[in-house]
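Trainee: Sequence:
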Amino acid sequence: MIVRCIDDTLCSTLQLNKEYVVIEEAPEYYVILDDKKEETICKKSRFQIIEDGEIAKKAKATITELTYQIENDFSDIKSFNIRKNSKGEIKEISIKFKYE
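Residue numbering for the sequence shown follows this note's numbering, starting at 387 and increasing by one per position.
If you're looking for bench data, these hints aren't it; they were derived computationally from the structure.
Check each hint, because a few of them may be wrong.
To be verified - Computed list of lysine to aspartate or glutamate pairs in DMTMM-like fashion (alpha-carbon distance at most 25 Å, straight line):
#1 K446 x D393
#2 K484 x E451
#3 K422 x E437
#4 K422 x D459
#5 K422 x D438
#6 K482 x E440
#7 K443 x D393
#8 K443 x E410
#9 K446 x E478
#10 K443 x D421
#11 K446 x E424
#12 K446 x E411
#13 K429 x E451
#14 K430 x D459
#15 K404 x E440
Claimed, not checked - Pair ranges (Cβ atoms, derived):
#16 V407 x S431: 14 to 20 Å
#17 E475 x E437: 20 to 26 Å
#18 Q455 x Q401: 17 to 23 Å
#19 D438 x N471: 18 to 24 Å
#20 E457 x L396: 49 to 55 Å
#21 Q455 x E425: 31 to 37 Å
All residues carry an ideal CB built from backbone N, CA and C; glycine is no exception.
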């Protein structure tokens, strides 16, 4: 994953608007390679995601599979469910397949 620094306050090894490689991700923190090429633990709020390889791969695979299902009259779909939040925005789409 690649992230861009948007807050370098009190951190001398980061530069504002510079991109960094994420080595590990935790719920609240990233472990990145800083300007000194050392592993540094930083709050996620300091960064903006530029490229997320895992999300991109999963999204492309999902789109490919759904395109196939549309072209084949949803032949492999067992059930389909959409969850929305209180604002009516889609929060989750759940699709169960009939694969054996």
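Trainee: Are the hints correct? Go through all of them and say.
Mentor: Hints, one by one, checked against the model:
1. K446 x D393: Violated - the C-alpha atoms of D393 and K446 are around 31 Å apart, more than 25 Å.
2. K484 x E451: holds, 13 Å
3. K422 x E437: Holds. K422 to E437 sits at ~22 Å (cutoff 25 Å).
4. K422 x D459: Violated, because 54 Å separates the two Cα atoms, which is more than 25 Å.
5. K422 x D438: holds, 23 Å
6. K482 x E440: The given pair, whose Cα atoms are some 21 Å apart, holds under the 25 Å limit.
7. K443 x D393: violated, 28 Å
8. K443 x E410: holds, 18 Å
9. K446 x E478: Given pair K446, E478 holds - Cα atoms ~17 Å apart, limit 25 Å.
10. K443 x D421: Measuring from Cα to Cα gives roughly 28 Å; hence the hint is violated.
11. K446 x E424: violated, 33 Å
12. K446 x E411: holds, 22 Å
13. K429 x E451: Violated: K429 and E451 sit about 35 Å apart, past 25 Å.
14. K430 x D459: violated, 42 Å
15. K404 x E440: holds, 21 Å
16. V407 x S431: 14 to 20 Å: Holds - the Cβ-Cβ distance for V407 and S431, about 18 Å, lies within 14 to 20 Å.
17. E475 x E437: 20 to 26 Å: Given range 20 to 26 Å: holds, Cβ gap about 24 Å.
18. Q455 x Q401: 17 to 23 Å: At roughly 45 Å between Cβ atoms, Q401 and Q455 fall outside 17 to 23 Å, so the hint is violated.
19. D438 x N471: 18 to 24 Å: Roughly 22 Å apart at Cβ, these two residues keep to the hinted range, so it holds.
20. E457 x L396: 49 to 55 Å: holds, 54 Å
21. Q455 x E425: 31 to 37 Å: At 42 Å between Cβs, range violated.
Hints 1, 4, 7, 10, 11, 13, 14, 18 and 21 from the list above are not met by this structure, while the remaining hints are.
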